[in-house]
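Visitor: Okay, here's what each chain looks like letter by letter:
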Amino acid sequence: GAVVSQHPSWVICKSGTSVKIECRSLDFQATTMFWYRQFPKQSLMLMATSNEGSKATYEQGVEKDKFLINHASLTLSTLTVTSAHPEDSSFYICSAGNRGASYEQYFGPGTRLTVT
Amino acid sequence: QKEVEQDPGPLSVPEGAIVSLNCTYSNSAFQYFMWYRQYSRKGPELLMYTYSSGNKEDGRFTAQVDKSSKYISLFIRDSQPSDSATYLCAMSGTGGGNKLTFGTGTQLKVEL
Chain D
1 GAVVSQHPSW VICKSGTSVK IECRSLDFQA TTMFWYRQFP KQSLMLMATS NEGSKATYEQ
61 GVEKDKFLIN HASLTLSTLT VTSAHPEDSS FYICSAGNRG ASYEQYFGPG TRLTVT
Chain F
1 QKEVEQDPGP LSVPEGAIVS LNCTYSNSAF QYFMWYRQYS RKGPELLMYT YSSGNKEDGR
61 FTAQVDKSSK YISLFIRDSQ PSDSATYLCA MSGTGGGNKL TFGTGTQLKV EL
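Protein sequence lines, in the order shown, are assigned to chains D and F.
Take the first sequence: its position 62, counting from 1, is numbered 62 in the working numbering, and each next residue is one higher.
Take the second sequence: its position 17, counting from 1, is numbered 17 in the working numbering, and each next residue is one higher.
Heads up, a few of these hints could be off.
Said to hold, decoys possible - Which residues of chain D face chain F? A few of them, derived with a C-beta cut under 7 angstroms, are:
1. SER43
2. GLY108
3. PRO109
4. GLY110
As the list claims (entries may be wrong) - Below are the DSSO-like pairs computed for lysine-lysine, each with C-alpha atoms no more than 30 angstroms apart in a straight line:
5. D/LYS41 to F/LYS42
6. D/LYS14 to D/LYS55
7. D/LYS41 to F/LYS109
8. F/LYS42 to D/LYS14
9. F/LYS2 to F/LYS109
These aren't lab readings, by the way, just hints derived from the structure by calculation.
Glycine included, each C-beta is placed from N, C-alpha and C at the ideal position.
Could you put together the complete structure from these sequences and hints?
Guide: Put into structure tokens, the structure is as follows:
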């Protein structure tokens, strides 16, 4: 299957700082990338959908000014958590697709963010 | 009520047992049904997908979808310790930009 990478895999930051997480599709061009967050023992919650070259579509309740998403190329999307707070600590996972069916999404390994 | 309900477990079974994992859902627009396996601190890995109702088998795994009951199942035969993981069901409609709606996941432990 297709490979999706995320960087960093784990990051600790201080409250009030910003953190950028990268999601890359390594062997295919991803026209659509999805960003999820997952709390311990809970499901993946979709935060936003980004299509290459256009603005991201955020899910209800997700602050677009706090979670900045950029999908500037067909292989790279970034999520920036601005002015992070301890409640933003979570596991962030991206997935990448290429206009195929919904099951043709490939997930990255996730990034664990801890805000102190 | 959540759109997708899944018992979080944990579910503990002996090696070699048949495991049954289930999800129910409320949105009749769902057409694609997926099962993902997620190891601790890793991203989900697609195990199987089914379109509409019916059964699908792949090795030790069988997926079943009953749209009339809004109920899906994943069966694992001859379970192995390496099957120990969290299993997530996910669903989507044919529109909506391929958005997936996930269950909470069932934590499975297969013991020697």
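Visitor: Confirm or reject each hint.
Guide: Here is how each hint holds up against the structure:
1. SER43: 4 angstroms, holds
2. GLY108: This hint holds: D/GLY108 lies near chain F, its Cβ roughly 5 angstroms from the closest one there, short of 7 angstroms.
3. PRO109: Hint holds; D/PRO109 Cβ to chain F Cβ min 5 angstroms, cut 7 angstroms.
4. GLY110: This hint holds: D/GLY110 lies near chain F, its Cβ roughly 5 angstroms from the closest one there, short of 7 angstroms.
5. D/LYS41 to F/LYS42: Within the cut-off at roughly 13 angstroms; holds.
6. D/LYS14 to D/LYS55: 28 angstroms, holds
7. D/LYS41 to F/LYS109: Given that 30 angstroms is the threshold and the Cα spacing comes to 15 angstroms, the pair holds.
8. F/LYS42 to D/LYS14: Roughly 24 angstroms between the alpha carbons, so the hint for F/LYS42 and D/LYS14 holds.
9. F/LYS2 to F/LYS109: 25 angstroms, holds
Against the hints set out earlier in the document, no violation occurs for any number.
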